[in-house]
Amino acid sequence: MKVIVQSKLLLFGQWITRVQTNHPLYQIIQRSLTLLFPFVLIGSLSQLIQLTLFNRHSFIASIFHFSTWLTKHNYMQVPFNSLTSLTLGIVAAIAAFATARYTAKYYGRDEQLASITGLVAYLLLALRYTPNGELTFNANLLGMGALFFGLLVGYLVGLVFRWLGKAQQVANPNNGSIVGRSLDSLVPISLVVVTAILVGLLLNWLEISILPDQVILKLQNLKANQTSLIFSLGIGVLVTILTFFGLTSMPTLEQFGRDGFAATANLNYAFLHHTPWHVPYPFTLGTLYGPFGAIGGTGGTLALVIAIFLFSRQRDQHLIGRWSLMPVLFNFNSAVLTGLPVLGNGLYIIPFLLVPLVNMGIAALAIALNLMPAVVYNVPLGTPGLLQAFIGTNGNWMALVISLLNVFVGVLIYKPFIQLANRLQEGVDQDV
Amino acid sequence: MSKLQRKSLILLGLSFLFLGVMMWPSAQWTRQNVATLTKRHDSKMSPVIFIPGSSATQNRFDELVTKLNKKRGNKHSLLKLTVDTNNHISYSGEIKPRDNEPFIVVGFENNKDGYSNIKKQAKWFSIAFTALAKKYQFNNFKAVGHSNGGLIYTAFLENYFNRDDITVKKLMTIGSPYNFEETSLAHKSQMLTDFIANRKKIPSNLSMYSIAGTENFENDGIVPARSVEAGKYIYQGQVKHYTEITVTGDQAQHSDLPQNQQIINLLEQYILSKTTNRMNQPPKAGANSDDEQEH
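Chains as they are written, first to last, in the numbering used here: chain A, 62 to 493; chain B, -16 to 278.
One should not assume that every hint holds.
The calculated lysine-lysine pairs, modelled on DSS-like cross-linking and capped at a C-alpha distance of 30 Å, are [to be verified]:
#  : chain 1 : residue 1 : chain 2 : residue 2
1  : B       : 106       : B       : 22
2  : B       : 50        : A       : 133
3  : B       : 50        : B       : 95
4  : B       : 58        : A       : 133
5  : B       : 215       : B       : 106
6  : A       : 133       : B       : 103
7  : B       : 79        : B       : 58
8  : A       : 63        : B       : -14
9  : B       : 223       : B       : 152
10 : A       : 133       : B       : 95
11 : A       : 476       : B       : -10
12 : B       : 223       : A       : 133
13 : B       : 184       : A       : 133
14 : B       : 103       : B       : 152
15 : B       : 102       : B       : -10
16 : A       : 133       : B       : 102
17 : B       : 22        : A       : 133
Think of the hints as simulated: they come from the structure by calculation, not from any bench.
Since this is a predicted model, take the numbers as computed values, not measurements.
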């Protein structure tokens, strides 16, 4: 039985690899994501320091009682805030830069001009037109949650260069003057910039958001659905899929289940009866997804990092895992998602979706069997994923045990896919 | 086990150790946090917090409180606070145990008129409010402001009051000049412009009553009725209910308004809780004498 499953998995892996290596778009995206990794990592570390240490409502400040002191020394988080905004906060714009570059390179066009054009085009799209004429951007369109659009715009810019630009004559350095190069690319650059401005104007005029975040947040306002287990599991899977394709990011999901009538009703019940046991709505997003379905961030990433440490034979994966471990402990998983990369990588789509679903199922079962109370109390900003259930149940030990069990199960689910990645990589090495 | 793996696993072990160390303080924090919040949730106290107008002290509402207590049987205890210019708070009076609807008056050492002073007074009020909330753990309160006190409340609600654990249920402003001494709604003062710009920050579940006094058809002797009316640009449409009431007749002069029997009735009707023991109240006698006064 085990052998059959393994051979099936290997076939799946080989098929995925074949599809992915044969498709230029996939190669371009993989390289672009790898290029993003250092900035995402630095941004995540800075975010970690800001949100777990220097924010007044942060985890460390709360449990070690220096929130009041921080109120007076508010400036301490400013440099970290800025650093996060200018690294992690502009990831989508950098992605447009990188994808335009690799696309142009793949088709033998001027990669430098293409990359700059990609960046400018994306910034034009994210521009927000204000009455007083200040230069402001739609921050949501620049961050991790809009990675998909960054990659898309970059790719389209690269394609425009492919069709309208002239092939680069690298072999003839004496002939190709710098000005000549720029003149060659003037047509595609103008076309891209004009299109970007028009689309940007349209977005501003219609006042619509192309990000799916708002749709998800609207979904949670549907009163009737909010309390059922099926709805919670469904939304849990939906947001995981969106994250997988770079269409949303954790900060949006953090709001999830925190507000809404079910969370308020639960909290009121708990305060009134002096207990988190037997609250009216035990199976909501707030009680299941945050504390159990996303330990280490979307997709149960802590389990992924541990699985890499235990089963991976690839040096790169270990290094990326080590660098990302600290942020992942506190649920900031952007670094590992772009570094490995997990995003858009068919190899990891099964465990990435399965782990949150199974974890939420285990938690729901434990609540249904009265093994632990529902997570109803608020936790400080940037609380480690493993401790969220423990703190959110007013220190229930069983909740901590279930969290640990969830990570363990998560590792088991990720294990065969990490081993598959090992085998595929070794196959490639042998071929070389 | 390869060297690569060993190094990674040591790192993992260290981070789990780190989480383990965090566990004890985390448990402490959540127990304390839940206990505090439960206490606040259980609190049945719903104080009425008064702010006097400019040039008035924390004693401004003494007569009003005496009249109300006479009517309601000495039910409400009175606590008075004064905030000094150096943010220090001094207290006088006390809240009696088991008084669920105490009256609290917050006055200021600097009680001068003018927009710049109102901004400062709103900040001082927020300091007093934070101290009160911490000490008495109430989860809701009712607000009354006379004259500039209503402006201070508006500035406080817009700029300082962003708590999700405490709600302001009702606000009554008495003769508050939202447009200072302007007699026309066409000329908006800087303060009114600022108030309108930030109106979205005012809690939307608030019931607001704006009372204007008039001696003649124009004003109450000091504040133009038009200026009180300007409050609608701030509150109307933003709060749950916005009600304007005009009081005329005896004691409708600006400074008499807090003692005006009709306003005391309105306070009782709209601001104070209904579930009081009316046993101590002389049956209908008070109401009859009111009528006589008004005629």
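Against the structure, the hints:
1. B:106 with B:22: Measuring from Cα to Cα gives roughly 27 Å; hence the hint holds.
2. B:50 with A:133: 44 Å, violated
3. B:50 with B:95: 27 Å, holds
4. B:58 with A:133: Violated, at about 40 Å.
5. B:215 with B:106: The given pair, whose Cα atoms are some 24 Å apart, holds under the 30 Å limit.
6. A:133 with B:103: With a Cα-Cα distance of about 19 Å, the restraint between residue 133 of chain A and residue 103 of chain B holds, given a limit of 30 Å.
7. B:79 with B:58: 10 Å, holds
8. A:63 with B:-14: 29 Å, holds
9. B:223 with B:152: 10 Å, holds
10. A:133 with B:95: With Cα atoms ~28 Å apart, residue 133 of chain A and residue 95 of chain B stay inside 30 Å; holds.
11. A:476 with B:-10: 19 Å, holds
12. B:223 with A:133: 35 Å, violated
13. B:184 with A:133: 24 Å, holds
14. B:103 with B:152: 24 Å, holds
15. B:102 with B:-10: 59 Å, violated
16. A:133 with B:102: 20 Å, holds
17. B:22 with A:133: With a Cα-Cα distance of about 27 Å, the restraint between residue 22 of chain B and residue 133 of chain A holds, given a limit of 30 Å.
Checked against the numbered hints above, the structure violates hints 2, 4, 12 and 15; every other hint is satisfied.
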